[in-house]
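Q: Respectively, the protein sequence lines represent chains F and P. The numbering of the first sequence is our numbering, which starts it at 219 and goes up by one. The numbering of the second sequence is our numbering, which starts it at 138 and goes up by one.
Heads up, none of these hints are tricks.
Covered stretches of chain P, as calculated for chain F (at least 3 residues, CB under 8 angstroms):
no. : region
1   : 145 to 155
2   : 167 to 177
Distance windows between CB atoms, simulated:
no. : chain 1 : residue 1 : chain 2 : residue 2 : range
3   : P       : Ala175    : F       : Thr402    : 35 to 43 angstroms
4   : P       : Asn165    : F       : Lys466    : 53 to 61 angstroms
5   : P       : Asn161    : F       : Lys466    : 47 to 55 angstroms
6   : F       : Asn322    : P       : Glu171    : 34 to 42 angstroms
7   : P       : Thr162    : F       : Phe442    : 27 to 35 angstroms
8   : P       : Ala174    : F       : Glu413    : 15 to 23 angstroms
9   : F       : Pro324    : P       : Leu210    : 33 to 41 angstroms
10  : P       : His184    : F       : Asn231    : 42 to 50 angstroms
11  : P       : Asp202    : F       : Arg419    : 28 to 36 angstroms
12  : P       : Ala174    : F       : Lys372    : 22 to 30 angstroms
13  : F       : Glu427    : P       : Leu210    : 47 to 55 angstroms
14  : F       : Leu284    : P       : Asn194    : 25 to 33 angstroms
So the derived list for chain F, only partly shown, Cβ under 10 angstroms to chain P, looks like this:
no. : residue
15  : Val245
16  : Gly260
17  : Phe261
18  : Glu330
19  : Cys340
20  : Asp341
21  : Ile344
22  : Phe414
23  : Glu434
Think of the hints as simulated: they come from the structure by calculation, not from any bench. Think of the CB as a built atom: it goes at the ideal place given N, C-alpha and C, for glycine as much as any other residue.
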Amino acid sequence: MAAGVYAARKKINTLFLTKDFGGQSLVSADIKNWIGTKNISGFELAKNLEEHLRAQNSIEIKDNILVSKIERHDDKFLVFDEKSGQYETKTILLTAGSRYKKLNVPGEKEYEGKGVFYCSTCDAPIMKNRNVAVVGGGNSGFEAALDLLPYAIKIYILEYTGECKADSVTCDKVRASGKSEEITMTEVQEIFGDEFVKGIRYKNRNTGEIKELLVEGVFVEIGFQPNSEIAKGLVDLDKYGRVIIDSKNQKTSLEGIWAAGDVTDVLYNQNNIAAGDAIKAVLNIYDYLKTK
Amino acid sequence: MVTIYTTTVCPYCHMAKEYLEKNNTKFNEVNVEEDEAAAREMIQKSHQMGVPVLDINGSIIVGFDRTSIDKALGL
Chain F
219 MAAGVYAARK KINTLFLTKD FGGQSLVSAD IKNWIGTKNI SGFELAKNLE
269 EHLRAQNSIE IKDNILVSKI ERHDDKFLVF DEKSGQYETK TILLTAGSRY
319 KKLNVPGEKE YEGKGVFYCS TCDAPIMKNR NVAVVGGGNS GFEAALDLLP
369 YAIKIYILEY TGECKADSVT CDKVRASGKS EEITMTEVQE IFGDEFVKGI
419 RYKNRNTGEI KELLVEGVFV EIGFQPNSEI AKGLVDLDKY GRVIIDSKNQ
469 KTSLEGIWAA GDVTDVLYNQ NNIAAGDAIK AVLNIYDYLK TK
Chain P
138 MVTIYTTTVC PYCHMAKEYL EKNNTKFNEV NVEEDEAAAR EMIQKSHQMG
188 VPVLDINGSI IVGFDRTSID KALGL
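Excised from the complex, chain F in its bound form (with noise of 0.2 angstroms):
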């Protein structure tokens, strides 16, 4: 959205497609880091920045719009949508940021939504005197027993690593609680259940023991994905998939596309940094077109 409005400000002829509004931080209650802002809400965020954007009067926009595929012609591009929509293009800026990252183990495509979450900020309040399970011990980890601790009886916080590794703001929150208990070294092997979650079974990778952990809920906050799939073959991805990028000018191995934000391989995933960078980018495509 920043370089939305960047786009339309340079009167840089702008076709902005897009699934929604929102991306990652849409599901964040409370965001203290946005600079300008003391606090606000990721659904507040995100409705600012579209507002922005749809004050600019020279950008269309098309929401509710997955793109699917991306051709390359010569010095031209071809977009296409899942709804069987077709722009030609010169230039390419890709922000299609992350997804959440899934556990792949058996029982957690079948159990989604009936037992196995993905946003704690929705759906912590339908465990109300449950005992649940959050995989991950990093942040998003952390931030979800956060959410969790008004409503649920116990919380198990698994961690593949030796040590769980979120702020410590956030920890010691969750701790002084009491109600959770953090067990690391594990690796989950499936989520069990009947018509909804009874249970998750985890191997602890010191000892190879199987355990189980008898819980109606299991929240999975184990990082992020880049949604690059559009690019793959097209640009160069590094080893998790992101896009490499050119960190001085945001470009991509591909004259003619660029990127920002979560799907790059950006060193740090932060809001105000993907703004700047989507910004950079939108910068260096004005000029390219420029010498074109």
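Given chain F, work out where chain P should sit, using these hints.
A: Okay, now just chain P, sitting in the frame of chain F:
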């Protein structure tokens, strides 16, 4: 009749409500966080526990799925 089952801070619930308002659709909101009977009703109708759930004249839609909402509303 349109009923939407929500929790208080869930952003997708807010988005779904705003979308209905934008399309001039009257709806009845039930907060499952405050009303346990409604939570049971939502689970029974949708066979799952995630929010939002929309009941549009008997069509049950899980999540803020604009394409399904449009279809159920005949938009």
